[in-house]
Amino acid sequence: MKYADEFRDKEIALGLARAIRSEADPQKSYRFMEFCGGHTHAISRYGLEDMLPGNVRMIHGPGCPVCVLPAGRIDMAIRLAERPEIILCVYGDLMRVPGSQGASLLKAKARGADIRMVYSTIDAIRIAEENPGREVVFFAIGFETTTPPTAVMIRLAEKKQLENISVFCNHVLTPPAMQGILNTPDVHGVEIDGFVGPAHVSTVIGTAPYEFCASDFGKPVVIAGFEPLDMMQAILMLVRQVNEHRHEVENQYSRAVNRDGNLRAKAEVSDIFELRDAFEWRGLGQLPDSGLRLKPAYAKYDAELRFGMTELRVDDNPACECGDILRGVKKPADCKLFGTLCTPETPMGSCMVSSEGACAAHWTYGRFRDHQLRRAS
Amino acid sequence: MKPLHRKLDIRNGCVDLSHGSGGRAMAQLISGLFHEAFGNEWLARGNDQSAFDVAAGRMVMTTDGYVVSPLFFPGGNIGSLAVHGTVNDIAMAGARPLYLSASFIIEEGFRFADLKIIAESMGEAARAAGVHIITGDTKVVERGKADGVFISTAGVGVVPYGLDLSAENARVGDRVLISGTLGDHGVAIMSKRQNLAFETEIVSDSASLNDLVADMVAAAGPGIRLMRDPTRGGLAATLNEIAQQSGLGFHLVEESIPVKPGVAAACELLGLDPLYVANEGKLVAIVAPEDAAAVLAAMRAHPLGRDAADIGEAIADDHHFVQMATSFGGGRIVDWLSGEQLPRIC
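If you read the sequences in order, they're chains A and B.
In this text, residue positions in the first sequence follow the numbering used here: the first is 1, and each later residue adds one.
In this text, residue positions in the second sequence follow the numbering used here: the first is 1, and each later residue adds one.
Quick caveat, the hints were computed from the structure, so don't treat them as lab data.
Some hints here could point you the wrong way.
[Claimed, not checked] Here are the simulated DSBU-like cross-link-like pairs (lysine-lysine), alpha carbons at most 35 angstroms apart as the crow flies: (1) A:Lys2 to B:Lys139; (2) B:Lys139 to A:Lys159; (3) A:Lys109 to B:Lys139; (4) A:Lys2 to B:Lys192; (5) B:Lys145 to A:Lys107.
Please put together the full structure from these sequences, using the hints given.
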């Protein structure tokens, strides 16, 4: 497969693995958080952990938008979708995200709610045009990568003068989440030596928004693509920054990312969206300035206002360790719920929700290593 | 004087509730469309059942329902699929499939022209596989109560004494053979789904595998421990199922697993994994190590096994994991699918 296989070359990977092994100081431990679900997926899918020395450990971050969506927002969407006039359009991987008491959009659909899986916001526009007597609501979710398509949808709705489409906005921002993780006062301290920074998100916002990690918190950041070679190279760059006591924002993904990002996409987004004071993240709690909503000028497209949706809050299971896992303090297998009450079929916490969550990735691709360790020890 | 009957208007007509009512319209649909397409001596006798001689050996029986959407896809349609699927389930026992039944649930308003294409594909697929559709049933339901047409087929076949393919036969060290490229059917279907149409040259691999199986059985007989066709849930589901049933684990080598570049690209775009995508003309065989080379050679000599490959082995594993050495150099599990495989957003 052209333009993909080049970034999955085994020989180059082995070369990078050798470089990481020889440059990582055996006296030191290196704990790097890969922020994005896409990175977590690449690590698990290609078995990168097997190629790293034991003292270089990857911590799976909160960068899976589906995983961090709180149960209350799912409950709100289900309640909305149960209204007979509503057609709720959602991205596929939202269907299984658990709300409270085992509810999910998949189950609501089975009970008769009109919930349709779409692959782009343009599908929602088409559905609105085809169903003039119904109210079409797009369940908008995702980081800075998926926000511009939602903005485009609103622009199109305006242009086509569609009166029956609106957005249930759950867009969140990456830098405040990184800040939230770094700020968290924890008795164990934040055990992260550097970040593998977002790939697709950075194509939109650029590398500049991460500079606070380096300047205010002294943590190195390397923006990296989602291919396995991108990851290996970024890890080597992080090892070098740590060894040389540097903390900079470096850009491994220079084939797609620059410092300023996509100016046009950013302009569209800031034209239509504004910051919420705070937004709840599953596993991380309320984070200030971390979520978006529609500006008052676009209020008629805001489903929360249009349908008078009330905010619902659902507490995470108290035994769930997602918060500590997302901060790198604990590993998935440290959680009592992991693999017992909490599995991909019946997820309790955010990290088990989508295949990109830390726990689900470990369960689906990596749990054989727990048994190997147990056997070895 | 012979009463005058208007013939079925195949080109413009469609199924209505009278075609399921047991009256003349139903008789006309059955004889004019199905008997015509399936044409054999059993149906011609017009009984509610068909009798046949029992061959020597053990009888094998299976049944399957077909509810595919879209009904027509590159490389086949629900009719050919309904024959291939049931023939293959019988063949996976190492058996020779003999007779099928076919039961149709048709939605009111379904076009005769489409039904004719489907029935003719079934007839053609049955002839190609050397089986006969010897009994059937037709029901018509109101509009909205079925998705065009649902087909259910059952089949019987015969397997020689001494050949008893089953998961519990598998042993540590057995080889895992696959008859060809993975994921063709699932990707062909997805490329035609209404909300996901994309351009691809991939066609479904839907095919009857009984002829290929006969060659494999001739090459190794009971050296073949068991066979399965990796349909829904793909290779991953099939191997996990076998691991559970046999009490073993598997170790696969990703580089040796054949996937067409077009399928790999489509899966990449959609965020899917070809190991979990459905096949309708492929089989997995667990074969004793000493017979693996002979079986693989027999597979490769058959047109439906040209791309056959040895992709791994059975290992001792109390957890019954299916592990894989990735082509990148690391290791991972190939787990059961959780729910439906859904496209990812990031």
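Evaluated hints:
1. Between Lys2 (chain A) and Lys139 (chain B) the alpha-carbon distance is near 50 angstroms, which puts this suggested pair outside the 35 angstroms criterion.
2. A C-alpha spacing of about 48 angstroms is found between Lys139 (chain B) and Lys159 (chain A), which places the hinted pair above 35 angstroms, so the restraint is violated.
3. A distance of roughly 28 angstroms separates the Cα atoms of Lys109 (chain A) and Lys139 (chain B); the hinted pair therefore holds under the 35 angstroms criterion.
4. A hinted pair counts as satisfied when its Cα atoms are at most 35 angstroms apart, and Lys2 (chain A) with Lys192 (chain B) qualifies at roughly 24 angstroms.
5. Distance hint between Lys145 (chain B) and Lys107 (chain A) is fulfilled; the C-alpha atoms sit about 20 angstroms from each other, no more than 35 angstroms.
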